[in-house]
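The listed protein sequences derive, respectively, from chains B and P.
Final position of the first sequence in UniProt numbering is 253; the numbers increase by one with none missing.
Final position of the second sequence in UniProt numbering is 342; the numbers increase by one with none missing.
Watch out, some of these pointers could steer you wrong.
Unchecked claim - Here are a few chain B residues that face chain P, going by a calculated C-beta distance under 8 angstroms:
#1 Asp93
#2 Leu94
#3 Ala98
#4 Glu105
#5 Ala231
Unchecked claim - Derived list of chain B stretches under chain P, where covered just means 3 residues or more per stretch with a C-beta under 8 angstroms from a C-beta of chain P:
#6 16-28
#7 71-78
#8 133-143
Rather than coming from a laboratory, the hints here were simulated on the basis of the structure.
Where a beta carbon is used, it is the ideal one built from N, C-alpha and C, also for glycine.
As a plain string of letters, each chain reads:
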Amino acid sequence: MTPVLQAQNIVKHYGSVEALRGASFEVGQGEVVALIGDNGAGKSTLVKCLSGAEIPDSGTILLDGQPVTLDSPVTARRLGIETVYQDLAVAPDLDPAANLFLGREIRRKGLLGKFGVLDKAEMRRRAADEFTRLGVTLQSIDVPIGALSGGQRQSVAVARSVVWASKVVFMDEPTAALGVVQREKVLDVIKRVRDEGMAVVLISHNMPEVLSVSDRVEVLRLGRRVARFTAAEASLEDLVGAMTGALTQEDAA
Amino acid sequence: MTTLDGLPTAERRSLGARLLSANTFWIALVLLALIVVFSAIAPESFLTFFNFQQLFIETAVLLVIAVGMTFVIITGGIDLSVGSVLIFAGMISAKTMEWMSPGQDASNAGWGVITAGLVVAIAGGSLWGLINGLLVARANIPPLIVTLGTLGAALGVASLLNDGTNVRTVPLELRDSLGFGTLEGNIPNLVVVAVVITVIFGLVLHTTRFGRYTFAIGSNPEAARRAGIGVTRHLTNVYLLTGFLAGIAGFMSLAYFQSTTISGHTTDNLNAIAGVVMGGTSLFGGIGTILGTVIGVFIPAVLQKGFNIIGVQPYWQMIAVGAVLVAAVWFDQQRRRSQNKR
Ligand SMILES: Nc1ncnc2c1ncn2[C@@H]1O[C@H](COP(=O)(O)OP(=O)(O)O)[C@@H](O)[C@H]1O
Ligand SMILES: [Mg+2]
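One chain only, chain B, in its complex shape (with noise of 0.2 angstroms):
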């Protein structure tokens, strides 16, 4: 079965820093591969090179197996990638349904659509139905999301990127900052999505997430993937020592 996503050899450079040398990385339709590595290991830059935030400088990024240029989350949206990124990118002074709907917004029929007015009562119906079908609670959905918990401003970027990915989510860290029943609920989303046929690529520190939420594990060490497991065989000493460099597989670059 070829991979929903592929890249092969993706550098990137930041000015001197070599951030990426080489990665490679897949994904499959209807799994969880979870991407690890220490800090500074490459894996933000990876799922921004993967999700057209930044352009690579040289390598192959597949999708179904053909090539494909992303050069703008846009491009990568259209093709059915969606992200959560580390840092969130929320807008802290809109509401969860507008930012749910950032870039996507829905416009009343008929005339005053064309001057571009906005449907604001069916994108916040909408946006409380996907919230309630994902188990997002917000005490209200008109409060700008800078004034909800840490936690909730998660779950409303997670819930954006699950409901308008067709092909692959990522989430740099979605769980970072949660409690344990939030972490639950972000958890059980990606099962959920992965289960519809998704291809779900989950960045985490929390090697117990690791194992029991994926379904495949990618070791990304120094810029390179330096080990890959089958997340039912793997033990926590083989993802740390293969974090760490005290483990290597020959065959995983």
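The hints should help you fit chain P with the ligands onto chain B, whose structure is shown.
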């Protein structure tokens, strides 16, 4: 926050709760209080139709500028050039009307010439707005610097156009219609124009996608960019809009003063910014309302009129406005701090 998890999602807050959390509500109370106090002290001279008519006329031009300024400040920017752009627009418009008139005397010019003058004023204002927008959005120069530059440049060009003096002739027809004309019931045309513009752009800001993107960019430009919003293009359009409105304001000012008022309007930029910020628009971007701006623009005007009528030295108005302005920004900062702590 986890204790709230049991509640159903997606409740809207009650109208009262939303009202109390809006800066606009509090600043409206301040304006109302001022009006009540002055009315109580001097009922027969403050609370008159004539007084309020004058108040509205004198505020009309500033209001049009402040509406544009609201958009710019919501994006997290600033436009210091509006006063100069206003003068430039008035100057190029007046010169055009003179050039089109026999003997360079536009006094008796008809509607054809006046319409040409309007078009030129709007085009002139928009041009400076476009320059600001391109420099801010494309060249990534801080708006404070860009518009400080165009503040000087626009005034310089306007002065060059007529050797540093004011244009002598302005169409009488323009004065009698837009400048001093009134609708039924003594409503000044100048005020009608300002109200129409305010309502239109209030709707644009609060109901359209253009408005939504303005807030989004001010709130988090990176989030807007990743959401697929054309940030560069939108920012350019916002500065263009501000220049466009300064152009209209320039034409209104020309009609009202019958002069290009080269040495007036030097503090229009600061007055507009003060009005916008007092009205609850955040200098950090992402928050603001047109209604707030209307109220914020009226506070200094009411103070001035009121102090005038009750015989307080007008300098107190400057002090009072300064204090309210600083207080408004302080509140805004406190609000942001408490939000960032979560
Ligand atoms: N915008 C940037 N500018 C300069 N260096 C960067 C930038 N983003 C990441 N880096 C550098 O690239 C390397 C990889 O970072 P990152 O992808 O964020 O790692 P991770 O997410 O695995 O912790 C680090 O050395 C980091 O300092
Ligand atoms: Mg990271």
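Taking the hints in turn, this is what the structure says about them:
| no. | hint | in the structure |
| --- | --- | --- |
| 1 | Asp93 | holds (3 angstroms) |
| 2 | Leu94 | holds (6 angstroms) |
| 3 | Ala98 | holds (7 angstroms) |
| 4 | Glu105 | holds (5 angstroms) |
| 5 | Ala231 | violated (28 angstroms) |
| 6 | 16-28 | violated (count 0) |
| 7 | 71-78 | holds (count 4) |
| 8 | 133-143 | holds (count 8) |
In summary, the numbered hints that this structure violates are 5 and 6.
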